[in-house]
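Going left to right, the sequence shown walks through residues 1 to 139 as the working numbering numbers them.
These aren't lab readings, by the way, just hints derived from the structure by calculation. Every value quoted in this text rests on a predicted model; they were computed, and no experiment measured them. The beta-carbon is built from N, C-alpha and C at its ideal position, and this holds for glycine as well. Hints may contain errors.
Said to hold, decoys possible - Each computed DSS-like pair below joins lysine-lysine, with the alpha-carbon atoms no more than 25 Å apart:
{"hint": "1", "residue 1": "99", "residue 2": "115"}
{"hint": "2", "residue 1": "115", "residue 2": "30"}
{"hint": "3", "residue 1": "99", "residue 2": "30"}
{"hint": "4", "residue 1": "99", "residue 2": "31"}
Stated by the list, open to error - Ranges of calculated distance between the beta carbons of each label pair, as one might list FRET restraints:
{"hint": "5", "residue 1": "57", "residue 2": "27", "range": "13 to 21 Å"}
{"hint": "6", "residue 1": "69", "residue 2": "95", "range": "32 to 40 Å"}
{"hint": "7", "residue 1": "129", "residue 2": "69", "range": "35 to 43 Å"}
{"hint": "8", "residue 1": "22", "residue 2": "117", "range": "28 to 36 Å"}
{"hint": "9", "residue 1": "124", "residue 2": "71", "range": "23 to 31 Å"}
{"hint": "10", "residue 1": "32", "residue 2": "6", "range": "18 to 26 Å"}
{"hint": "11", "residue 1": "54", "residue 2": "22", "range": "27 to 35 Å"}
{"hint": "12", "residue 1": "10", "residue 2": "125", "range": "21 to 29 Å"}
{"hint": "13", "residue 1": "31", "residue 2": "11", "range": "29 to 37 Å"}
{"hint": "14", "residue 1": "91", "residue 2": "67", "range": "29 to 37 Å"}
{"hint": "15", "residue 1": "14", "residue 2": "59", "range": "20 to 28 Å"}
{"hint": "16", "residue 1": "54", "residue 2": "136", "range": "37 to 45 Å"}
{"hint": "17", "residue 1": "138", "residue 2": "52", "range": "31 to 39 Å"}
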Amino acid sequence: MIQFFYENLQESVSTDYQKWLEDIILSEEKKLGEINYIFCDDEYLLKINQDYLQHDYYTDIITFDYVKGKTISGEIFVSLQRISDNASTLSRDYEEELKRVLAHGILHLAGYKDKTEAEEKEMRKMEDLYLAKFKESNP
1 MIQFFYENLQ
11 ESVSTDYQKW
21 LEDIILSEEK
31 KLGEINYIFC
41 DDEYLLKINQ
51 DYLQHDYYTD
61 IITFDYVKGK
71 TISGEIFVSL
81 QRISDNASTL
91 SRDYEEELKR
101 VLAHGILHLA
111 GYKDKTEAEE
121 KEMRKMEDLY
131 LAKFKESNP
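Please take these sequences and the hints and turn them into a complete structure.
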């Protein structure tokens, strides 16, 4: 089950993305366990980054992996404020950037990394693939 939760926000995210996210998991030949997306502001995610990862910087997403075998489970914290800022900086559509980040979290749980240049290139390729699939199924 994929659930959406909110911390320190008035806005919400369309639950229409849940089916698409489930489809990503199935396409990666994994099973859906429990995935919680927690949408928040920059300060909330900064505190998580500081407290749990000892990083003192803003980020758009932090994924906590609770995967067991092929069953995908985890908590994915997403700063909608950071996504908005990144979309503006990169001259991208906000919804497109949001979907990219949502897919990014699932791809981490499916085993993709992005620490090296080669890993990051593969991650971007997979994000683009699933963004294209979203567009195909939601014309």
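We went through each hint and held it up to the structure:
no., hint, in the structure
1, 99 - 115, "21 Å, holds"
2, 115 - 30, "22 Å, holds"
3, 99 - 30, "20 Å, holds"
4, 99 - 31, "20 Å, holds"
5, 57 - 27: 13 to 21 Å, "32 Å, violated"
6, 69 - 95: 32 to 40 Å, "33 Å, holds"
7, 129 - 69: 35 to 43 Å, "24 Å, violated"
8, 22 - 117: 28 to 36 Å, "30 Å, holds"
9, 124 - 71: 23 to 31 Å, "26 Å, holds"
10, 32 - 6: 18 to 26 Å, "21 Å, holds"
11, 54 - 22: 27 to 35 Å, "33 Å, holds"
12, 10 - 125: 21 to 29 Å, "35 Å, violated"
13, 31 - 11: 29 to 37 Å, "31 Å, holds"
14, 91 - 67: 29 to 37 Å, "34 Å, holds"
15, 14 - 59: 20 to 28 Å, "22 Å, holds"
16, 54 - 136: 37 to 45 Å, "41 Å, holds"
17, 138 - 52: 31 to 39 Å, "34 Å, holds"
Of the numbered hints given earlier, the model fails hints 5, 7, 12; all others are met.
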